[in-house]
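Now for the letters of each chain:
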Amino acid sequence: KAGVTQTPRYLIKTRGQQVTLSCSPISGHRSVSWYQQTPGQGLQFLFEYFSETQRNKGNFPGRFSGRQFSNSRSEMNVSTLELGDSALYLCASSLQLAGIDEQYFGPGTRLTVT
Amino acid sequence: EDKVVQSPLSLVVHEGDTVTLNCSYEVTNFRSLLWYKQEKKAPTFLFMLTSSGIEKKSGRLSSILDKKELFSILNITATQTGDSAIYLCAVEHPGNTPLVFGKGTRLSVIA
Numbered sequence: 055k056a057g058v059t060q061t062p063r064y065l066i067k068t069r070g071q072q073v074t075l076s077c078s079p080i081s082g083h084r085s086v087s088w089y090q091q092t093p094g095q096g097l098q099f100l101f102e103y104f105s106e107t108q109r110n111k112g113n114f115p116g117r118f119s120g121r122q123f124s125n126s127r128s129e130m131n132v133s134t135l136e137l138g139d140s141a142l143y144l145c146a147s148s149l150q151l152a153g154i155d156e157q158y159f160g161p162g163t164r165l166t167v168t
Numbered sequence: 007e008d009k010v011v012q013s014p015l016s017l018v019v020h021e022g023d024t025v026t027l028n029c030s031y032e033v034t035n036f037r038s039l040l041w042y043k044q045e046k047k048a049p050t051f052l053f054m055l056t057s058s059g060i061e062k063k064s065g066r067l068s069s070i071l072d073k074k075e076l077f078s079i080l081n082i083t084a085t086q087t088g089d090s091a092i093y094l095c096a097v098e099h100p101g102n103t104p105l106v107f108g109k110g111t112r113l114s115v116i117a
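So the sequence lines, in the order shown, correspond to chains S and E.
Be aware that the first sequence starts at 55, since it is given in the numbering used here, and climbs by one per residue.
Be aware that the second sequence starts at 7, since it is given in the numbering used here, and climbs by one per residue.
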């Protein structure tokens, strides 16, 4: 079974631009969560989508948004990029059936904002 | 506010040493505690702990949870250079709510 894939793997943008990152979950997984990882803040939760609906949201400004498609693939968008948005963006998928469930992480997208 | 605190933040040991990584938490509702290993990019799952006092073991790695004192430890015996990684601890709430991660412990094992 293929793992979680994320594209692109690396991205360089300038301040003020916007960016869209993509995540394809493991086949059959319906939940996709997005995280931002920086050296100072560690792994911080952005949002989670389940069956095309945003189910949970972290404490990030409205410039960060996402969506999920009917095939469970998810995208996250960051508008009006700031230098502080430079980070590794990880997505994780899970089955999210009843009971305890494990998340599988993708390789991440390294975003650099200059 | 939920908090997950890992210590130490970084650690350098020699091959063959035994290390203990700590994770303490303060959360409103607790369902489980998870440990992940992050080498280059994607964190990979190590253990999920839900019950106090029961050790989970996988090869040279083991972990235990103390729900009364709100902490967990991850032990690695006979460390190898391949154990060099960031070890992340996360707490899961009941229901479909996001994991709360600690900032991680960066372990470097030198030959």
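In case anyone wonders, no lab produced these hints; they're calculated from the structure.
From a predicted model like this one, the values you see are computed outputs, not experimental measurements.
We put the beta carbon where it would ideally sit given N, CA and C, even for glycine.
Hints are supplied without guarantee of correctness; some may be wrong.
Straight-line Cα separation of at most 27 Å, DSS-like style, residue types lysine-lysine; simulated pairs [to be verified]:
id	chain 1	residue 1	chain 2	residue 2
1	E	62	S	67
2	E	47	E	74
3	S	67	E	63
4	E	73	E	47
5	S	111	E	47
6	E	43	E	62
7	S	111	E	62
8	E	43	S	111
Listing some non-contacts, in silico: residues in chain S with all C-beta distances to chain E over 10 Å [said to hold, decoys possible]:
id	residue
9	98
10	99
11	110
12	115
13	127
14	135
15	156
16	157
17	168
Quick rundown of the hints versus the structure:
1. Of the pairs offered as hints, the one joining residue 62 of chain E and residue 67 of chain S is violated, with about 43 Å between alpha carbons and a cut-off of 27 Å exceeded.
2. Taking the CA atoms of residue 47 of chain E and residue 74 of chain E, the gap is near 33 Å; set against the 27 Å cutoff, the hint is violated.
3. The hinted pair formed by residue 67 of chain S and residue 63 of chain E fails the criterion: a straight-line CA distance of about 44 Å is larger than 27 Å.
4. Straight-line distance between C-alpha atoms of residue 73 of chain E and residue 47 of chain E comes to about 30 Å, which puts the hinted pair past the 27 Å bound.
5. Between residue 111 of chain S and residue 47 of chain E, the direct Cα distance comes to roughly 23 Å. Compliance with the 27 Å bound is thereby established for this hinted pair.
6. With a CA separation close to 15 Å, the supplied pair residue 43 of chain E and residue 62 of chain E stays within the 27 Å bound.
7. With a C-alpha separation of about 31 Å, the suggested pairing of residue 111 of chain S with residue 62 of chain E is violated against the 27 Å cut-off.
8. Distance restraint check for residue 43 of chain E and residue 111 of chain S: the Cα-Cα separation of roughly 25 Å lies within the 27 Å cut-off, and the hinted pair is therefore satisfied.
9. Consistency note on residue 98 of chain S: stated as away from chain E, yet its beta-carbon is not over 10 Å from all of that chain's, at 7 Å minimum.
10. Against chain E, the non-interface label of residue 99 of chain S is violated: not every CB pair exceeds 10 Å, the least being about 4 Å.
11. With a least beta-carbon separation of about 5 Å from chain E, residue 110 of chain S fails to lie farther than 10 Å from that chain, contradicting its non-interface assignment.
12. With 10 Å as the threshold on Cβ separation, the claim that residue 115 of chain S sits away from chain E holds: the shortest Cβ distance comes to roughly 17 Å.
13. A cut-off of 10 Å between C-beta atoms confirms that residue 127 of chain S is not in contact with chain E; the least separation is 17 Å.
14. Every CB of chain E is more than 10 Å from the CB of residue 135 of chain S (nearest about 21 Å), matching its label as outside the interface.
15. Non-interface status of residue 156 of chain S relative to chain E is broken: a Cβ of that chain comes within 10 Å, the nearest being about 6 Å off.
16. For residue 157 of chain S, the non-interface assignment is contradicted: its Cβ lies about 7 Å from the closest Cβ of chain E, within the 10 Å cut-off.
17. Non-interface status of residue 168 of chain S relative to chain E is upheld: no Cβ of that chain comes within 10 Å, the nearest being about 21 Å off.
Hint check: violations occur at hints 1, 2, 3, 4, 7, 9, 10, 11, 15 and 16; the rest are consistent with the structure.
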